[in-house]
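Peer 1: Go ahead and model the full structure; you've got the sequences and the hints to work with.
In order, the protein sequence lines correspond to chains Y and U. With my numbering applied, the first sequence closes on residue 339, and no number is skipped along the way. With my numbering applied, the second sequence closes on residue 339, and no number is skipped along the way.
Don't read these hints as lab results, they were simulated from the structure. Be aware that one or more of the hints could be misleading.
Note that identical chains are pooled: a pair holds if it fits in a single copy or bridges any two copies.
With a straight-line Cα cutoff of 35 angstroms, these simulated DSBU-like cross-link-like pairs (lysine-lysine) come out [unchecked claim]:
no., residue 1, residue 2
1, LYS233, LYS42
2, LYS232, LYS110
3, LYS233, LYS49
4, LYS110, LYS233
Computed from a prediction, not measured in an experiment: that's the story for all the values here.
Below, each chain spelled out in residue letters.
2 protein chains.
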Amino acid sequence: MTIRHSAHALLPLKIIATGTALPPQCITSAELDIRLHKPAGYVEKRSGIVHRFHATDDASHAELAAAALHDALGRHGLAPDSIDLLIFASVGSVQALPCSAVFVMKAARLRPGLAGFDINSSCVSFISAMQVAAGLLNAGTYRRIAIVSADLASRCLDWQHEESALIFGDGAACVIVECGDGTSGIAASLSETYPASSDLCEVRAGGTRCNPRTGMQDRDFLFHMQGKKLFRQASALIEGYLGRLLASAGLSLQEIATVAPHQASHLAMEHMRQRMNIAPDALVDIYRHRGNQVAASIPTALHEAVISGRFNPGQPVMLIGTAAGLTLAGMVLMP
Amino acid sequence: MTIRHSAHALLPLKIIATGTALPPQCITSAELDIRLHKPAGYVEKRSGIVHRFHATDDASHAELAAAALHDALGRHGLAPDSIDLLIFASVGSVQALPCSAVFVMKAARLRPGLAGFDINSSCVSFISAMQVAAGLLNAGTYRRIAIVSADLASRCLDWQHEESALIFGDGAACVIVECGDGTSGIAASLSETYPASSDLCEVRAGGTRCNPRTGMQDRDFLFHMQGKKLFRQASALIEGYLGRLLASAGLSLQEIATVAPHQASHLAMEHMRQRMNIAPDALVDIYRHRGNQVAASIPTALHEAVISGRFNPGQPVMLIGTAAGLTLAGMVLMP
Numbered sequence: 005m006t007i008r009h010s011a012h013a014l015l016p017l018k019i020i021a022t023g024t025a026l027p028p029q030c031i032t033s034a035e036l037d038i039r040l041h042k043p044a045g046y047v048e049k050r051s052g053i054v055h056r057f058h059a060t061d062d063a064s065h066a067e068l069a070a071a072a073l074h075d076a077l078g079r080h081g082l083a084p085d086s087i088d089l090l091i092f093a094s095v096g097s098v099q100a101l102p103c104s105a106v107f108v109m110k111a112a113r114l115r116p117g118l119a120g121f122d123i124n125s126s127c128v129s130f131i132s133a134m135q136v137a138a139g140l141l142n143a144g145t146y147r148r149i150a151i152v153s154a155d156l157a158s159r160c161l162d163w164q165h166e167e168s169a170l171i172f173g174d175g176a177a178c179v180i181v182e183c184g185d186g187t188s189g190i191a192a193s194l195s196e197t198y199p200a201s202s203d204l205c206e207v208r209a210g211g212t213r214c215n216p217r218t219g220m221q222d223r224d225f226l227f228h229m230q231g232k233k234l235f236r237q238a239s240a241l242i243e244g245y246l247g248r249l250l251a252s253a254g255l256s257l258q259e260i261a262t263v264a265p266h267q268a269s270h271l272a273m274e275h276m277r278q279r280m281n282i283a284p285d286a287l288v289d290i291y292r293h294r295g296n297q298v299a300a301s302i303p304t305a306l307h308e309a310v311i312s313g314r315f316n317p318g319q320p321v322m323l324i325g326t327a328a329g330l331t332l333a334g335m336v337l338m339p
Numbered sequence: 005m006t007i008r009h010s011a012h013a014l015l016p017l018k019i020i021a022t023g024t025a026l027p028p029q030c031i032t033s034a035e036l037d038i039r040l041h042k043p044a045g046y047v048e049k050r051s052g053i054v055h056r057f058h059a060t061d062d063a064s065h066a067e068l069a070a071a072a073l074h075d076a077l078g079r080h081g082l083a084p085d086s087i088d089l090l091i092f093a094s095v096g097s098v099q100a101l102p103c104s105a106v107f108v109m110k111a112a113r114l115r116p117g118l119a120g121f122d123i124n125s126s127c128v129s130f131i132s133a134m135q136v137a138a139g140l141l142n143a144g145t146y147r148r149i150a151i152v153s154a155d156l157a158s159r160c161l162d163w164q165h166e167e168s169a170l171i172f173g174d175g176a177a178c179v180i181v182e183c184g185d186g187t188s189g190i191a192a193s194l195s196e197t198y199p200a201s202s203d204l205c206e207v208r209a210g211g212t213r214c215n216p217r218t219g220m221q222d223r224d225f226l227f228h229m230q231g232k233k234l235f236r237q238a239s240a241l242i243e244g245y246l247g248r249l250l251a252s253a254g255l256s257l258q259e260i261a262t263v264a265p266h267q268a269s270h271l272a273m274e275h276m277r278q279r280m281n282i283a284p285d286a287l288v289d290i291y292r293h294r295g296n297q298v299a300a301s302i303p304t305a306l307h308e309a310v311i312s313g314r315f316n317p318g319q320p321v322m323l324i325g326t327a328a329g330l331t332l333a334g335m336v337l338m339p
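Peer 2: Here it is as structure tokens:
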């Protein structure tokens with residue numbers, strides 16, 4: 005009864021639609037220079053970003069997610085009622101209870117009675133959700149799944165900490181998948197977590213650790229990152245990790261046509277470019293105009309690959325990212 | 005390449021171990037009578053609970069989850085390193101970033117490099133996690149998955165609101181699954197969410213809705229429930245839902261040997277007993293000595309079914325629950 009997703013066989017999965025959404029406020033680095041009392045050009049040089057988008061503090065997280073879902077449905081003429089599972093795959097939740105998928109279904113006016121749940125593996129949540137969706141579709145549990153990633157990093161930026169505050173942008177992306185006919189699918193997927201580094205990138209509030217009963221401060225709600233340490237840890241692991249991912253796909257790096265990485269930072273993108281040693285166009289780089297969109301980053305990059313003609317049958321596409329955790333995750337897709 | 009999980013075919017899944025953990029503090033209803041200045045017997049009568057367990061405010065959520073995982077491993081002599089995916093399936097998270105699975109891996113001293121993520125569908129998170137695990141195992145993505153549900157409701161009880169404060173208990177449970185040989189598995193699973201009722205049961209803080217940037221109060225961190233409305237909504241939907249779940253399994257209610265329900269409340273358990281019309285022993289009822297353990301409730305009830313000889317080959321077992329959302333979820337397992 006079981007199918008085995010061996011090293012060189014495809015696990016069937018077909019991407020039938022992609023879409024994105026951005027909040028209306030475009031924040032240029034030039035504006036931030038003024039707001040933060042810096043010389044002209046400082047923020048762009050420091051962050052590598054021309055502009056990013058930030059939601060206002062009263063904007064709805066669920067509505068941004070719903071806009072990405074409707075963008076994907078609308079671009080491909082799909083009926084909202086044709087979705088039979090909604091996976092919300094993000095870092096940030098709307099509130100502690102109920103789960104965020106409920107609020108996205110409501111904001112998107114999806115049919116009552118739909119199934120939905122949240123998946124969270126930090127900035128690589130979308131990769132976990134794609135693994136999960138492929139499993140559920142191949143088991144026949146669902147037939148058409150919408151994965152929506154939406155994050156509002158602006159709600160937890162610490163403006164006293166430039167290294168992180170300058171690099172994040174808000175956004176949402178949606179990818180709709182079916183089982184397909186088996187000609188497209190997942191050639192390999194691999195996720196590895198190294199919890200010894202869990203404090204290198206964190207937001208301490210939002211759960212059982214910091215709340216009114218245990219004691220908390222406003223700063224516990226802010227993003228804390230030890231960027232250099234995190235980068236060093238990730239760099240030490242990535243070589244071995246990449247080898248294992250490629251071996252599992254039965255492919256060499258030269259055979260990967262497109263890489264859609266997590267747009268983590270200027271430094272991370274530059275490292276990816278050097279490490280991958282692939283043609284400039286093969287690396288999806290939207291960092292300068294989006295910043296790091298947390299869990300929405302990888303599906304936004306995948307959408308960019310699709311609309312820019314870099315997601316083509318027979319040409320392997322790699323999703324890859326390092327996330328708080330520390331987690332390394334990647335997936336090789338055959339479009 | 006795909007297998008279809010038709011109405012009457014089993015999706016292979018084998019439970020190879022179960023375990024639970026409780027915090028050390030047993031809180032009797034008699035103690036609460038005194039603490040809340042009520043007449044003797046008041047809390048037990050109002051809640052239907054003799055005792056429940058509450059963690060102290062400095063106790064670690066991840067350590068409780070890790071204890072349930074080690075209980076499951078230890079009872080069945082399984083090596084921790086044999087797990088290749090950890091799914092944390094709970095309502096409450098440890099903190100906003102990174103995901104909680106990271107902290108459970110760390111607390112449980114699992115091997116670095118393990119895969120993990122969180123799944124949240126409110127109080128029925130465990131049912132979603134079982135669906136997901138079956139998909140991943142049948143796709144061959146993983147071979148042995150540990151699902152851990154752990155919730156500390158005590159961190160968000162509103163002691164001014166008896167209806168909810170008196171019914172919750174903390175706890176954790178773990179179920180370890182493999183694909184198996186196909187003789188055991190999922191005969192049906194069904195999840196339906198009705199988001200119009202999302203505000204009937206909620207904790208508003210913990211995400212993008214209520215935080216220092218958007219404005220928040222201590223009460224936003226507390227559990228809010230409109231119990232009667234929620235019960236009425238759930239009761240109106242459950243008949244139709246149960247019919248759909250059984251039809252999908254190709255079974256009648258009389259053929260279900262054991263029901264392991266979400267131990268939601270005294271009223272909900274009584275309704276389940278009447279509605280199900282099954283032998284008293286066939287309904288797993290641990291509510292009087294646990295209370296409502298949120299997402300840990302269903303896997304704790306399943307563990308109880310296993311250790312009390314009510315999970316036997318060839319005898320269908322139903323997991324079922326209603327959750328904040330409003331979500332109805334259920335699963336028929338063939339042990």
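Peer 1: With reference to the structure, classify each hint as holding or not holding.
Peer 2: Verification of the hints:
1. LYS233 to LYS42: within (26 angstroms within a copy, 55 angstroms between copies)
2. LYS232 to LYS110: Only across copies: LYS232 and LYS110 sit 22 angstroms apart there, 40 angstroms inside one copy, limit 35 angstroms.
3. LYS233 to LYS49: within (21 angstroms within a copy, 56 angstroms between copies)
4. LYS110 to LYS233: For LYS110 and LYS233, the Cα distance is within 35 angstroms only across copies (19 angstroms; inside one copy 41 angstroms).
Violated hints: none; the structure is consistent with every hint.
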